Every structure is written in structure tokens, then in C-alpha cells.
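Colleague: Sequence:
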Amino acid sequence: MDWVTALPPGGDRGYNAFLVLVERYSKTPMFLPCHKDDTAMDRAIMTWNKVISHTSLFQSIISDRDPKLTSAL
Numbered sequence: 011m012d013w014v015t016a017l018p019p020g021g022d023r024g025y026n027a028f029l030v031l032v033e034r035y036s037k038t039p040m041f042l043p044c045h046k047d048d049t050a051m052d053r054a055i056m057t058w059n060k061v062i063s064h065t066s067l068f069q070s071i072i073s074d075r076d077p078k079l080t081s082a083l
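All residue numbers for the sequence shown refer to our numbering, where the first residue is 11 and numbers rise by one.
Everything labelled a hint here was simulated from the structure, so no lab data went into it. Owing to the predicted nature of the structure, the values given are computational and were not obtained by experimental measurement. Glycine is no exception: its CB is placed at the ideal position from the N, C-alpha and C atoms.
Computed spacing ranges between beta-carbons, pair by pair:
(1) Pro-18 to Ser-63: 23 to 31 Å
(2) Ala-54 to Glu-33: 14 to 22 Å
(3) Gly-21 to Val-61: 13 to 21 Å
Let the sequences and hints guide you as you build the complete structure.
Modeller: Structure below.
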């Protein structure tokens, strides 16, 4: 789980960053568009809505405890 930020705004919602998730077993990457100023709660909700709620394969999530994720949780 990591973020790529400082991108030029794009798409109809002006996304300027994306969250990168990699499934550990298959090494399949997932890229979720977001805004670089999203809060930790915004990113947690986005991850739940777009990834976790659609699969039952997650046994754990590994993170480097980046403040972008842990600041408000």
C-alpha cells in the first residue's frame, strides 16, 4: 500500500494522486485514483468501498504506517 502524488489533475473529479495496492499472493496491482489532500478516513473508506467490500480474499493488509493512512484513524 503506497501513494503516488503530485500528478497533474485528471479525470472528471480532478484526481491528482493514486493509491497503489498489491495483492500479496498474485502480485496483482490495484490503482485507486484519489486526491493528495484526502484524509486518512477518506482513504480508508475508499479502500473499503472499492476493494475490500468486493472481495473476500483479504486476510490482512500490510502498510508502512504512513501518516496519510494513520493520522485520523
